[in-house]
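Undergrad: Here are the chains, one letter per residue:
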Amino acid sequence: MTTTSPVEQVGGATATYVDERVGSNKFLSRNLGKVFPDHWSFMLGEIALYSFIVVLLTGVFLTLWFKPSMAEVVYEGSYIPLNGIKMSEAYESALNISFDVRGGLLLRQMHHWSALIFIAAMAVHMFRVFFTGAFRKPREFNWLIGVGLTTFGLLAGFSGYSLPDDLLSGTGLQIARGIVQAVPVIGTWAAFLLFDGEFPGTEFISRLYGVHILLIPGLILALVTVHLMLVWTQKHTQFPGPGRTNDNVVGYPLLPVYMAKAGGFFFIVFGIIALVGGLVTINPIWIFGPYMPDQVSAGSQPDWYIGFLDGALRVMPNIESVIFGWTISWNIFIPALVVPGILFTALGLYPFIEAWVTGDKREHNLLDRPRNAPTRTAFGMMAISFYVLLWVGGANDIIAVAFDLSINSIIWFLRVTLFVIPPIVFLVTRRTCLGLQRRDREKLLHGYESGRVLRLPHGEFIEVHQPLNEKDMAVITAKIDYTPIPAPDKADVDGVRNKNYRAQMLRHRLSEFFYGVNVPKPSAAEIEAGQHHAAHDAAVEAPLHDYEDADQIQNFHGGVLHHPGMAETNAEQVEQR
Amino acid sequence: MTDITPHQDQASGHGNTPARLGYSPVADIPHKPRATDTDPKAARRAERQVATMFLLSMLMVVLFIVAYFGIDKDTIIYFPVLGEVGASNVALGLTMGLAILLIGTAAIQWAKKLMPDVEVVQQRHDMVSPKRDALEAQANYERGKEESGFARFPLIRRTLLGALVLFPIPLVVMLRDLWTPKPGTEGKSPADILSTTLWTGGLRIVSDGTYAPVRPEDLPVGGLISAVPIDLKEVEELEENLNARGKAAIILVRMEPDEIRAQQGEGWDYQGILAYSKICTHVGCPIALYEQRTHHLLCPCHQSTFDLADAGNVVFGPAARRMPQLPIGVDEEGYLVAMSDFAEPVGPSFWERG
Numbered sequence: 268m269t270t271t272s273p274v275e276q277v278g279g280a281t282a283t284y285v286d287e288r289v290g291s292n293k294f295l296s297r298n299l300g301k302v303f304p305d306h307w308s309f310m311l312g313e314i315a316l317y318s319f320i321v322v323l324l325t326g327v328f329l330t331l332w333f334k335p336s337m338a339e340v341v342y343e344g345s346y347i348p349l350n351g352i353k354m355s356e357a358y359e360s361a362l363n364i365s366f367d368v369r370g371g372l373l374l375r376q377m378h379h380w381s382a383l384i385f386i387a388a389m390a391v392h393m394f395r396v397f398f399t400g401a402f403r404k405p406r407e408f409n410w411l412i413g414v415g416l417t418t419f420g421l422l423a424g425f426s427g428y429s430l431p432d433d434l435l436s437g438t439g440l441q442i443a444r445g446i447v448q449a450v451p452v453i454g455t456w457a458a459f460l461l462f463d464g465e466f467p468g469t470e471f472i473s474r475l476y477g478v479h480i481l482l483i484p485g486l487i488l489a490l491v492t493v494h495l496m497l498v499w500t501q502k503h504t505q506f507p508g509p510g511r512t513n514d515n516v517v518g519y520p521l522l523p524v525y526m527a528k529a530g531g532f533f534f535i536v537f538g539i540i541a542l543v544g545g546l547v548t549i550n551p552i553w554i555f556g557p558y559m560p561d562q563v564s565a566g567s568q569p570d571w572y573i574g575f576l577d578g579a580l581r582v583m584p585n586i587e588s589v590i591f592g593w594t595i596s597w598n599i600f601i602p603a604l605v606v607p608g609i610l611f612t613a614l615g616l617y618p619f620i621e622a623w624v625t626g627d628k629r630e631h632n633l634l635d636r637p638r639n640a641p642t643r644t645a646f647g648m649m650a651i652s653f654y655v656l657l658w659v660g661g662a663n664d665i666i667a668v669a670f671d672l673s674i675n676s677i678i679w680f681l682r683v684t685l686f687v688i689p690p691i692v693f694l695v696t697r698r699t700c701l702g703l704q705r706r707d708r709e710k711l712l713h714g715y716e717s718g719r720v721l722r723l724p725h726g727e728f729i730e731v732h733q734p735l736n737e738k739d740m741a742v743i744t745a746k747i748d749y750t751p752i753p754a755p756d757k758a759d760v761d762g763v764r765n766k767n768y769r770a771q772m773l774r775h776r777l778s779e780f781f782y783g784v785n786v787p788k789p790s791a792a793e794i795e796a797g798q799h800h801a802a803h804d805a806a807v808e809a810p811l812h813d814y815e816d817a818d819q820i821q822n823f824h825g826g827v828l829h830h831p832g833m834a835e836t837n838a839e840q841v842e843q844r
Numbered sequence: 140m141t142d143i144t145p146h147q148d149q150a151s152g153h154g155n156t157p158a159r160l161g162y163s164p165v166a167d168i169p170h171k172p173r174a175t176d177t178d179p180k181a182a183r184r185a186e187r188q189v190a191t192m193f194l195l196s197m198l199m200v201v202l203f204i205v206a207y208f209g210i211d212k213d214t215i216i217y218f219p220v221l222g223e224v225g226a227s228n229v230a231l232g233l234t235m236g237l238a239i240l241l242i243g244t245a246a247i248q249w250a251k252k253l254m255p256d257v258e259v260v261q262q263r264h265d266m267v268s269p270k271r272d273a274l275e276a277q278a279n280y281e282r283g284k285e286e287s288g289f290a291r292f293p294l295i296r297r298t299l300l301g302a303l304v305l306f307p308i309p310l311v312v313m314l315r316d317l318w319t320p321k322p323g324t325e326g327k328s329p330a331d332i333l334s335t336t337l338w339t340g341g342l343r344i345v346s347d348g349t350y351a352p353v354r355p356e357d358l359p360v361g362g363l364i365s366a367v368p369i370d371l372k373e374v375e376e377l378e379e380n381l382n383a384r385g386k387a388a389i390i391l392v393r394m395e396p397d398e399i400r401a402q403q404g405e406g407w408d409y410q411g412i413l414a415y416s417k418i419c420t421h422v423g424c425p426i427a428l429y430e431q432r433t434h435h436l437l438c439p440c441h442q443s444t445f446d447l448a449d450a451g452n453v454v455f456g457p458a459a460r461r462m463p464q465l466p467i468g469v470d471e472e473g474y475l476v477a478m479s480d481f482a483e484p485v486g487p488s489f490w491e492r493g
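Line by line, the protein sequences are chains Z and D. Letter by letter, the first sequence follows residues 268 to 844 of the numbering used here. Letter by letter, the second sequence follows residues 140 to 493 of the numbering used here.
Hints are not guaranteed to be accurate.
[As the list claims (entries may be wrong)] The list that follows gives simulated cross-link-like pairs (lysine-lysine, BS3-like), each with its CA atoms no further than 30 Å apart:
#, chain 1, residue 1, chain 2, residue 2
1, D, K321, Z, K301
2, D, K171, Z, K334
3, Z, K628, D, K270
4, Z, K710, D, K171
5, D, K252, Z, K738
6, Z, K301, D, K327
7, D, K252, Z, K353
8, D, K212, Z, K353
9, D, K321, Z, K738
10, D, K284, Z, K353
11, Z, K766, Z, K628
12, D, K171, Z, K293
13, Z, K334, D, K372
14, Z, K738, D, K372
15, Z, K334, D, K212
Worth flagging that the hints you see were computed from the coordinates, not collected in a lab.
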């Protein structure tokens with residue numbers, strides 16, 4: 268190391284000082300040049316991380332002024348319309364932050380916006396990880412941590428917007444209380460313990476405050492740390508491409524390129540949140556007024572990420588039973604607790620289920636293109652369509668007003684489509700994936716369509732096909748063709764009964780279901796032949812310039828040209844397999 | 140781990156087993172040099188761009204401080220697209236946002252134009268530990284098991300397990316006092332408390348907000364008012380909470396007596412005036428969206444719909460229970476009063492409700 272400037276000398280001395288005490292150079296020597304692959308979709312997780320940092324930072328500022336108390340006060344602040352109105356100290360301090368602390372509204376809006384972005388980025392990041400199969404071995408734990416982070420993100424958001432004690436947030440809490448009360452056996456007691464008795468009580472906001480500013484962020488921070496450590500140790504996955512294999516990482520070294528890009532991106536996310544916080548109003552609590560348990564405003568809407576739960580509550584038919592004098596509110600319990608419970612459990616278990624069904628025990632560092640895992644992609648799209656329909660349900664009153672529809676019809680539409688549309692989405696997605704696979708196969712065999720249409724002397728029109736470039740070639744050929752787990756035998760050769768027959772049969776069937784649809788990649792020999800073909804096609808291009816010279820074209824026309832019937836023939840071949 | 144090589148220099152045969160892919164390995168993408176790689180002028184220009192962004196960022200910080208101290212917090216200005224906005228908030232957001240954003244764009248520009256854009260390759264290593272480590276870990280575990288005598292002393296093992304299971308119990312037990320019964324509710328169960336409200340026979344019904352007693356003639360046919368018991372204000376001041384309001388809030392509606400098809404009790408109306416709980420039986424939102432013509436009451440939260448002309452029964456939506464009706468009459472001075480408390484608990488269902 269050649270240190271010249273005084274700053275570098277100090278830096279070098281510090282590095283040595285630290286190294287002598289914690290051995291940091293061992294880590295730095297291995298990691299300053301660590302390679303990170305580049306792809307736009309890898310930024311989604313970064314957005315989540317950076318917006319979380321902004322949430323933490325702005326949240327710390329807000330704690331300096333916010334008073335988590337439900338004690339009653341009379342407002343005497345600079346927001347004139349509410350002057351002289353009785354309200355809780357929590358709401359009063361939230362108003363003061365908005366109107367009397369300079370930059371307070373900016374901090375509040377940045378906090379709210381970054382929280383919304385945090386959860387949205389986590390969701391989209393999760394889609395990316397799911398659809399590319401990045402959750403596969405060895406990254407299953409990190410997927411679980413991600414599901415945990417998303418769950419805590421929802422709780423963080425809900426606990427946060429419940430704190431200002433305005434009319435909207437109080438209504439949200441009232442609904443939450445109703446949901447807790449609907450839990451069989453323990454619900455009533457749980458509600459009384461949480462709220463110190465009846466709703467709204469005087470304690471809940473200060474209790475929720477501790478949960479919101481300490482417990483949940485602490486858990487998120489811990490999980491984020493482990494999440495990043497695992498990404499670091501396991502190295503990032505990469506998309507297939509030239510030179511990229513399952514055993515290497517192709518990208519930019521941490522120092523300087525990745526650090527500059529990732530560090531710069533942090534400032535971009537932070538800066539955009541500050542701009543949005545300054546320019547776009549979010550959660551204008553002063554309009555809603557203080558919370559009163561007998562008041563509500565029409566068109567009450569939760570933050571976007573709670574919408575699916577609210578929708579589930581709205582769509583559920585009104586079933587309640589009384590069994591031996593005990594009340595079971597299926598109409599609340601199922602949509603608010605069972606449905607999200609199933610969704611999140613399925614989400615968490617998915618990598619393990621897929622690994623069991625497919626019997627795939629390999630490490631996967633190269634990402635799947637969604638089309639190459641049609642069943643997984645179809646499952647994901649099915650779940651998303653279910654979620655989106657619930658979300659539509661959460662906005663049914665808004666939709667009814669905006670499109671002049673009957674709320675009753677929207678609810679009935681959703682009650683039916685929640686069960687009809689997801690399976691259709693599943694089938695359509697799987698067929699689409701297969702179509703794309705077929706297209707890939709065609710490209711491998713015959714190259715891509717150049718868009719050059721050629722008329723041959725005898726009147727036939729052909730389109731000239733060009734060979735794939737190396738990048739496309741690498742991407743398409745990275746597909747792995749799996750074979751389903753074979754059917755088990757009822758008994759072995761000695762006639763000993765197979766005790767696990769039923770479980771193995773189930774697994775075989777599921778595996779058939781998972782891998783049963785696939786357009787196999789052509790073999791190397793087929794590709795060779797196909798490319799040979801394409802090369803001829805390319806050669807046909809030459810006479811294009813002498814279009815009128817029919818003789819010359821004739822020279823190239825000797826049965827080697829691509830013929831239009833070929834695609835169908837191949838597709839049929841594929842079908843036959 | 141330090142075996143980094145420029146991508147281009149890699150032989151094309153590295154990495155993945157061609158056998159598994161079934162193809163010969165692909166060659167690498169050729170690297171196109173950027174203008175900043177070949178033209179020193181372009182590089183200088185990029186340098187100036189980056190430095191300018193850093194400079195502008197610093198300028199924004201100065202402007203932020205000017206805006207913070209210079210703009211009155213109550214000033215409202217017109218801002219294109221946004222309309223009437225707080226000048227301070229917009230100015231602070233713009234300056235701080237740009238100060239931060241410009242650092243980011245400068246760093247990205249720097250990385251994209253002036254730092255190498257040649258991808259490099261690094262080998263991965265399997266996550267699984269070497270066999271030797273696994274054996275060593277196993278041996279250490281066996282040694283620990285042996286030395287502790289975990290296997291030899293079943294009594295210790297079982298009592299340890301018992302102690303570990305029991306020790307969190309005090310922490311859970313202490314949560315009991317998250318709820319301390321309020322004066323007047325000692326000895327009552329949560330279900331008992333949820334099942335009663337402030338209403339009693341003869342208690343005057345007053346209009347919410349003004350606390351003015353209501354005469355039947357104050358309420359025209361088709362009208363609706365929100366109302367509470369006359370002692371609510373007193374109780375709220377005494378209890379220092381809004382709990383009583385959350386249960387006792389009612390709505391009064393008036394219809395032609397012959398429009399009333401059913402009630403929850405014989406003669407619970409007074410000359411066509413009906414009193415219903417205001418708290419939705421689904422999850423507890425207050426309801427006041429009333430459609431005169433159909434006598435339907437719609438909850439704004441989840442759209443449960445109740446027919447007030449038909450004993451408050453549910454006609455649509457997720458609520459399973461009818462709106463509880465309050466029997467009413469008039470006192471000797473002609474004001475509306477409750478005849479008793481509600482006959483059934485108001486608000487959301489709960490396990491012990493039955």
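Undergrad: Next step is simple, just say for each hint if it's right about the structure.
TA: Verification of the supplied hints:
A distance of roughly 62 Å separates the Cα atoms of D/K321 and Z/K301; the hinted pair therefore is violated under the 30 Å criterion. Note on D/K171 and Z/K334: the hinted pairing is violated, with a Cα-Cα distance of about 59 Å set against a maximum of 30 Å. Between Z/K628 and D/K270, the direct Cα distance comes to roughly 18 Å. Compliance with the 30 Å bound is thereby established for this hinted pair. Only pairs whose Cα atoms come within 30 Å are accepted, and Z/K710 paired with D/K171 is accepted, the gap being roughly 26 Å.
As the CA atoms of D/K252 and Z/K738 are separated by approximately 23 Å, the hinted pair is consistent with the 30 Å bound. A threshold of 30 Å between alpha carbons decides the hint, and for Z/K301 with D/K327 the separation of about 65 Å lies outside it, so the pair is violated. Proximity of D/K252 to Z/K353 is assessed by CA-CA distance (about 59 Å); at most 30 Å being required, the pair is judged violated. Between D/K212 and Z/K353, the direct Cα distance comes to roughly 24 Å. Compliance with the 30 Å bound is thereby established for this hinted pair.
Distance hint between D/K321 and Z/K738 is unfulfilled; the C-alpha atoms sit about 73 Å from each other, more than 30 Å. For the suggested pair D/K284 and Z/K353, the alpha carbons sit about 66 Å apart, so the restraint of at most 30 Å is broken. Restraint check: the Cα-Cα separation between Z/K766 and Z/K628 comes to about 24 Å, which is no more than 30 Å; the hinted pair holds. Note on D/K171 and Z/K293: the hinted pairing is violated, with a Cα-Cα distance of about 36 Å set against a maximum of 30 Å.
For the given pair, Z/K334 sits about 25 Å from D/K372 by alpha-carbon distance, which is consistent with the 30 Å threshold. For the proposed pair Z/K738 and D/K372, the alpha carbon gap of about 76 Å is over 30 Å, so the pair is violated. Distance check on the hinted pair: Z/K334 and D/K212 sit about 21 Å apart at the alpha-carbon level, within 30 Å; holds.
The earlier numbered hints that this structure contradicts are 1, 2, 6, 7, 9, 10, 12 and 14.
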